[in-house]
Amino acid sequence: MSTFDLVVIGSGPSGRRAAIQAAKLGRTALVIEKHKKVGGVSVHTGTIPSKTMRETVLNLSGWRERGFYGRAYRVKQDISAADIQSRMEKTLEHEVDVLEHQFARNGVKTMRGDAAFRSAHEVEVTLPDGEVRVVTGGAILIAVGTHPFRPDYVPFNGENVFDSDEIVAIPKLPRSLAVIGAGVIGVEYATIFSALEVQVTLIEPRATFLDFVDKELMEEFIHELRDRNVALRLGAEVTKIEFDAQGRPVCRIATGRDVTSEVLLFAAGRMGATEGLNLAAAGLTSDHRGRITVDPKTLQTAVPHIYAAGDVIGFPSLASTSMEQGRLAACHAFGLQPPPPPEFFPYGIYSVPEISTVGMSEEDVRKRGIPYECGIARFRETSRGHIMGLQTGMMKMIFSKKTRRLLGVHIVGEGATELVHIGQAVLNLKGTIDYFMDNTFNYPTLAEAYKIAALDAWNRAFGPAAAPVV
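Residue numbers (our numbering): 671 to 1140.
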């Protein structure tokens, strides 16, 4: 069979969700994947490996127990790269098995090979043995994801200079690590290695980083990084990368304060993996970063029956939103009009500690001129925090003083990416501070922080202390 209702190029979060949605609608779907196993970057070099590395590091290092047993506490004294990769391999095997089972159960066909457009409806697939097959799709979804940006001035060698896809397979844990790029990926890896007591230097040409996160939350995060001796070189432009006499990479900084480390990770940006697709044959183009422009409501490209979803279309480049984009694209392709997505979705940064945020930041609220009040809760104020030995972590909630509605939730600390969903639900349902005031939370839990922060905000904005003095 060479004709399908939907042909999907790429099996990452958006691609697999689109194919399964099409199958659920009774349509035929083919997923083309160039790598040996399905899953895309998310499963093999990105989301799942990095989060597995993080979890392994936190478990083996005893990070979560150090509040009780001290900074010298370890579950395993000598942690090796092999320890991390062993768990990673098991996790990835399970992820691939689940995906293959989902495809088989739903009747989604898969084909391994490199895809390129022959025309707007035809895709050539070069199989591993060199054979070329042509498949036709009534609708086509481009879900190829991204690959690391690799500028010429960085001497990548797979030994001590890595990109963000390669670092998960690092052969030996270093004593020192320099990370160029303080975006989400760079920050995640910098803090993961820091938890292993690796001396980390984070280099960023801008004066600030993670600017979409509430500034007060970032102040808390930066304080914790500095307390762990993570060196932050902000406003530091790398002009050249050389090797010293011992073969260590040296980052030459424009200010003259160079950085030498055993290992260098370059994590400053990613490119849409569209270079081999022959987009012109389908009447499409990409921008200078390999990204494809789509209608944000329908995910259609300039050619109506060709869709694109996931990281290849740019912002927000999250696995969670990519999945929903794939589903919406498939629904639209086959005549369904699902309701528009909720206004707010959560960001999760799997650093150590975690950061998660949903809704407006305090800076956003100020720009809109909304009268507001904030409530703060420290995890150490909760009994669950005491039980867990937490010494850091905070939740910040923002409420409208006029409508009492929740405007934003911002969390840094253990479990932030899980906790944020309570705030997400209330936010999208247009809930108010009264929800948190009137409802009971399980005790002891970190979720109690919602009530603590709400009470803090209420005391400031609506309680007796907020009343004018007569």
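Simulated from the structure, these hints should not be mistaken for laboratory data. Misleading hints may appear alongside valid ones.
[To be verified] Derived pair list, reagent style EDC-like, types lysine to aspartate or glutamate, alpha-carbon separation capped at 16 Å:
1) 706 x 748
2) 967 x 932
3) 721 x 1108
4) 746 x 735
5) 721 x 836
6) 1121 x 1051
7) 760 x 735
8) 721 x 835
9) 706 x 792
10) 1071 x 1013
To see whether the hints hold, each was checked on the structure:
Taking the CA atoms of residue 706 and residue 748, the gap is about 33 Å. The hint is violated against a cut of 16 Å. A C-alpha spacing of about 46 Å is found between residue 967 and residue 932, which places the hinted pair above 16 Å, so the restraint is violated. Restraint check: the Cα-Cα separation between residue 721 and residue 1108 comes to about 36 Å, which exceeds 16 Å; the hinted pair is violated. The suggested pairing of residue 746 with residue 735 holds, with an alpha-carbon distance near 13 Å, which does not exceed 16 Å.
For the proposed pair residue 721 and residue 836, the alpha carbon gap of about 15 Å is at most 16 Å, so the pair holds. Pair hint residue 1121 plus residue 1051 holds up; C-alpha atoms about 11 Å apart against a cutoff of 16 Å. As the CA atoms of residue 760 and residue 735 are separated by approximately 25 Å, the hinted pair breaks the 16 Å bound. Between residue 721 and residue 835 the alpha-carbon distance is near 13 Å, which keeps this suggested pair within the 16 Å criterion.
Among the hinted pairs, residue 706 with residue 792 is inconsistent with the structure: their alpha-carbon atoms are about 23 Å apart, more than 16 Å. Taken as a hint, the residue 1071 and residue 1013 pair is broken in the structure, with Cα atoms around 21 Å apart against an allowance of 16 Å.
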